Amino acid sequence: MESIVLHKQIISGNEALALGALVGGASVITGYPGTPSSEAIGYLLRNPLPGVHVEWSTNEKVALEIAAGAAWAGQRALATMKMSGLNVAYDSLISFAYSGCTGGLVVYVADDPGVTAGMAEQDSRGFALMADLPMLEPSTVEEAYRLIPKAFELSEKAGTPVFVRMVTALSHSHAAVEVQTEFTPLRREPQLIRDIAKYTKAGAAICLAQHRDLIQRLSKAEEVIREMGINQLLVAPKRGLGVIVCGLTASYLEEAMVALQPFNLDRSGISVLKLVSTHPFPEQEVKTLFDHCDQILVLEELEPYIETALIVAARRSKFPGLIRGKLDGNLSRVGEYGTREVVKGLAQALNIPLSDSLFSGLAADSMAAPRPITVCAGCPHRGTYIAINQAIRKLKLKKDAVMVTGDIGCTILGMNPPFNTVWNEVSMGASLGLAQGYVWSGVATPVIATIGDSTFFHAGIPSLINAVQHQASLTLIILDNGWTAMTGMQVNPGTAIGAQSGGHRLDLAQIIPMLGVDWFFQVDPYDLKATTEALIDALPRAGVKVILARRECAIQSLRRTGRAGRVRQQAENCNLCKLCITTTGCPAISLTENSIVIDQALCNGCALCAQICAREAIVRQEG
Amino acid sequence: MNKVDIVIAGVGGQGNLLLAKLIAEAALLAGLEAKRSEIKGLAQRGGPVQSLVKIGEQVWSPLVERGQADLLLGLELVEALRNVQFLSTTGHAIVSRNFVPNPLPFSQSEMLARAQRRGFILISALDLAKQAGNAQSTNIVILGAASHFFPFGPELFQEALRKNVKRFLEENLKAFQLGREILPTP
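Residue numbers (this note's numbering), protein chains in the order written: chain X, 1 to 623; chain W, 1001 to 1186.
Source of the hints: derived by calculation from the structure; they are not laboratory data. This one's a predicted model, so the numbers in the text were calculated from it and none came from an experiment. Note that the Cβ used here is the ideal one computed from N, Cα and C, for glycine as well. A portion of the hints provided could be inaccurate.
What the hints assert, rightly or not - Pairwise CB distance ranges (calculated):
| id | chain 1 | residue 1 | chain 2 | residue 2 | range |
| --- | --- | --- | --- | --- | --- |
| 1 | W | P1154 | X | N575 | 48 to 54 Å |
| 2 | W | S1107 | X | N575 | 17 to 23 Å |
| 3 | W | S1107 | X | T582 | 18 to 24 Å |
| 4 | W | E1159 | X | T561 | 36 to 42 Å |
| 5 | W | E1159 | X | E622 | 26 to 32 Å |
Next up, chain W with everything else stripped away, as it sits in the complex (with noise of 0.2 Å):
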């Protein structure tokens, strides 16, 4: 089968889409047909970003049906827990702690509650970024958590990020790796 529906959460500014453009190029690579998209409605900085990526020996149309997915990769909790509709019952959820701040009065520790309740994968993304040396790469260490859920080695990912990421890439590969180390292979 090798199909894997991904949806991806976030807020302006964590790097949404390039993670999408990211696993499609592997996709592409390991010889497997990929479709993304992207919901940005309007160019708001900070504002919610959603993109969808599937992979497959055939993939039809671009679009994730609620309850479909078999990843959900959030960059941000409350972000994460909106689309948690999109996941199916047997997906996973690989998210990192970072918790933009919505005006609601909820904190940060109820929502890591709420995540680990639904039985998310919580990563701390922002500290291995960090300690990659690019605390903008946190969308490349989810994507190194959840390089374990793919058809295809983490070799391919590595290359997908030689070909599309020029700053900071020795910081992002290493990313990557502090990401997928987190995990034990299933």
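Isolated chain X, as found in the complex (with noise of 0.2 Å):
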């Protein structure tokens, strides 16, 4: 017999996942970065083992395509993502639903209540529910690495993919667990199996065939969810309140009670169901629910799909009490939860008369206002921001009538003070199509699109194929740093070649005047004058004009080749005018009562700043 040796660590609930799917065998493992579900992928790749493909793909949708095809070649396979690209995903993910699998596979979703990285606070369970796919939604780290292999085993017996879905909280938090520390990854002989009916969507009869086939294999999931006892029903002595919870909220359950002892809190007429499948909807541990409890409170962080299908099940099982929950208007539909959102419901469904001081904290001082968003110190594209003011300056246009679309990743920082440039975010890719609205509108006007490299590879490229082929005249600036930045510097088709994993780079100054642009510039945006011309010069033209302002991430840059340079000051040429503050917005410059500080420490040396400064009280250190 084999030995597993076990080992204590600390690890997140990304990292766990990740482990987990090692111990389920996944051989083939893919994905796009996205906040908070970055770091699963990361720890793969920090931590290669033979026999184990990992990649970040292109987009959301080519990782989970990449995925299902070794799901289909019949081996264990994952797909993480965050919620915004599991709607960029979906398009396949529903058929591969329809289809099914024959190799495990799981789709790991990320969802982010609460809004730590600023995109639609959406459900995505949601997604389970309209592809008939069931997920899984573990309450803490532990279980997250438990229940990995599970997910396998289910979307193997049951053959569909399933999803596993972990909120910010979860997936961000760290805690100590037994983790195996070899791994053996199920290798099978892969397998290619001709089956239209299964595998192509090719007639009606088919498609039907395959929707009665998803309802079966949804079905035939609960079973084997209820065989493996994965949701957790704790039957109370006495009769009285049952309280559903989803994934985490189990862990705001359990402080809650705590916190409730002081008033008295019977547990003893408290049952609880501790759902872990979210769907499909668990019908024989409701029932039992139905029996046994007066009234039911459902806690479910975001929208409220379990209470619904509660609230149909209770009618269908003729369950008279009261379903408690958002529909009520008690919980609330926004926001991260928490173990207040808990007392409240406990403390509303069992009428204990709460005191204010529970929860009670300091008001956070007014003076300390929220630090203002913006790029990193020796960020290269704060010369692309000032540039493309600049240029609309000197181009005589005001910039409340020149259109600067906006997109995802730190490119979107542009829409803050002091640079003011952009003026909308969207998804993956927006910004070229949203400029080619404005164009069709007919906006006189130059109109701009911002992109970054990663987010132009992920989706910009069919939309920039699309405005040449209808010659939309717009300028699209690509802002490259050479990395998937704002989600923690990872690797996209586009990085330096030595820091790409065996892989090969592509290069867009090759690739985009191959796509038929009208005019292509390349600048660095370090080089404030030679970036503001070659806007001043691409803008008022017709046709397609793409600007590739290129120049690597001040932190990567800083970590594999060292500071860019240095600035000296001369302090007796400063009038304290303070455009190297209003106009850089540097985190590296501050004011004090009566002279400019440059903090050596964060300075990377770029050089806009003295660029930008017109008494030379600023000045690049040469040699």
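Bring the two chains, given one by one in their own frames, into a single complex with the hints.
This is the structure:
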């Protein structure tokens, strides 16, 4: 018998998922970076295992298709993404759902209730409902680790892709878990199965049959979930309140019960259904609750999916009791959940009068305003935004008359002061489509689209091709820093060759001219004058113009090759006009009572401030 | 009970995450349970960073509710003042005098005055870190000062330091000691 060595390690929810996938024998693992999901692939790339293919794919749809291809060939495969990425992958995902799979296919999606990363606060459980796919939600880091092998087993037993969903509070939390230190990927002999009725959508007969199969697979999954004991029903000794918790809310329930102990909370009258499978709906366990409880409280973050299904089930079972949650207006559909909400829900259901002092804290200091979110000190694209603003001014245009569409990633920070350059933010690649819409709506001033390199590879290319085909007169600025930076410095197709893990590099400077654009410029955004001049040249022209503003991310460049340079202050020249602060907004520059101070530890020596300063009070230090 | 809920506030580059890790490790060495989490939405240099650590016989959720923290460890004044809403009315704030200017027109002296009015325990962490031989060790100075408020002895923090810190280990151990000595044992 093989002995398994266990080692207690502090790991994050994302790392637990990655390790769980290895325990489950996954041999193809793909994903696209996105907070709060990124550290799963990040961990696997830092700790490579022979026989396991791990990659950052170009986008989530590609990632999912690769994982599904591997699962169709019989392997166990995992695709990881944030909720916005699931939107991108969903077109293919729903098709895979209707076809099913042979090898285990797990799709990890991380939702972001409370919005730490600035995207729509969507509840991805809705996708599981629409696709009729099982969805599992761990409640702790340890459970995440143990659940993934079960997710693969469920996927293979029921023949269906399986979602695993986590939320930020779990994926980014760390706990000590006994983990395996050695793994053996299940490397099965790849199968080539030609089955038109399963793997194509050729005609109504096939698609209708697949829909029937899909519904059957989901009910099979419900059976398997019950057999595997994935959900836990704790029936209390006494009749009373039933509580349904989903994923992480289980941990808030435990804390809330402790917090309510001083209020004589009677736990012997509280039955708890701890749901790990939030889809399919656990009909049998819920029936037990109906028989045993007078009222049921549903504790789920974001949308009331379980609550809605419960009300339907209650109607069908003629359950007479009250169902409490969000639909009665008590608990919120908005924002991150916590013990506070659960205490509120329990207190209302059990008529516990709460004292105001419970959970009352101090008010945050009114003078301690949040720090503005801006690009890092030394970010090359500080230069790009300044150049856009200067070019607009030099062309005698008003800033509020020039549309600059924005995109996802660091580049969106151009919307913030002091730049106020970018107008909008939608989804990966949307800047280019939006810009074309403004063009065709008859905007007479130049229309500018801004996008980062990884975002351009991810979803910008089809839209640029569209602009070329239809000759939409616009200027696309690609703010190329060579990395997928905002999510924590992942590689993308354009990342420098030395940083690619054995991969090939695709050079945007070669690709874009091949797409038939009318004008192509390449600039170094640390050179403010040249960048502004390229913009002044490009903006008034007709046709599709692309400016590739290229310079490596300052953080990565600092790590790889050292700082860009140094600046020196000539304080005697400074008249405290503050242009260096108000134009660049560089976090390394601050104002004291009677001088400008440059934090040399933070300064990267990009010298954009020196280029802005009209009095040589800041100069580039040569040599 | 042995329960300590901790919020650590600072800006990027101050060793916030390492501090959280050391506390969690020390708690595990003490035979307690520990959970920690971090809020880092974007990989921005110099941006705000908040870590949460919970230790105790049993720890359920990874989050600390507002008004529930027993300890607020501040690596920077403005961020500490922003996070004071997490501190319980009976909790302690141990905060570095370090000030990373916010583009608001408030000076370090004003922020210090506000921190004092709120009863923060203010530590000249940078001076002590430099005295220990490594200016980067301000987080460890704060850990040393905070070490009085845990249900286990300083030796477990020192062991966690030895396990997790390779560079400037001696300086960091010194920084821990200097931080610890700044406060009397309660």
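Now the hints, each set against the structure:
1. W/P1154 with X/N575: 48 to 54 Å: 52 Å, holds
2. W/S1107 with X/N575: 17 to 23 Å: 21 Å, holds
3. W/S1107 with X/T582: 18 to 24 Å: Since W/S1107 and X/T582 have Cβ atoms about 19 Å apart, the given range 18 to 24 Å holds.
4. W/E1159 with X/T561: 36 to 42 Å: 37 Å, holds
5. W/E1159 with X/E622: 26 to 32 Å: About 49 Å separates the Cβ atoms of W/E1159 and X/E622, which means 26 to 32 Å is violated.
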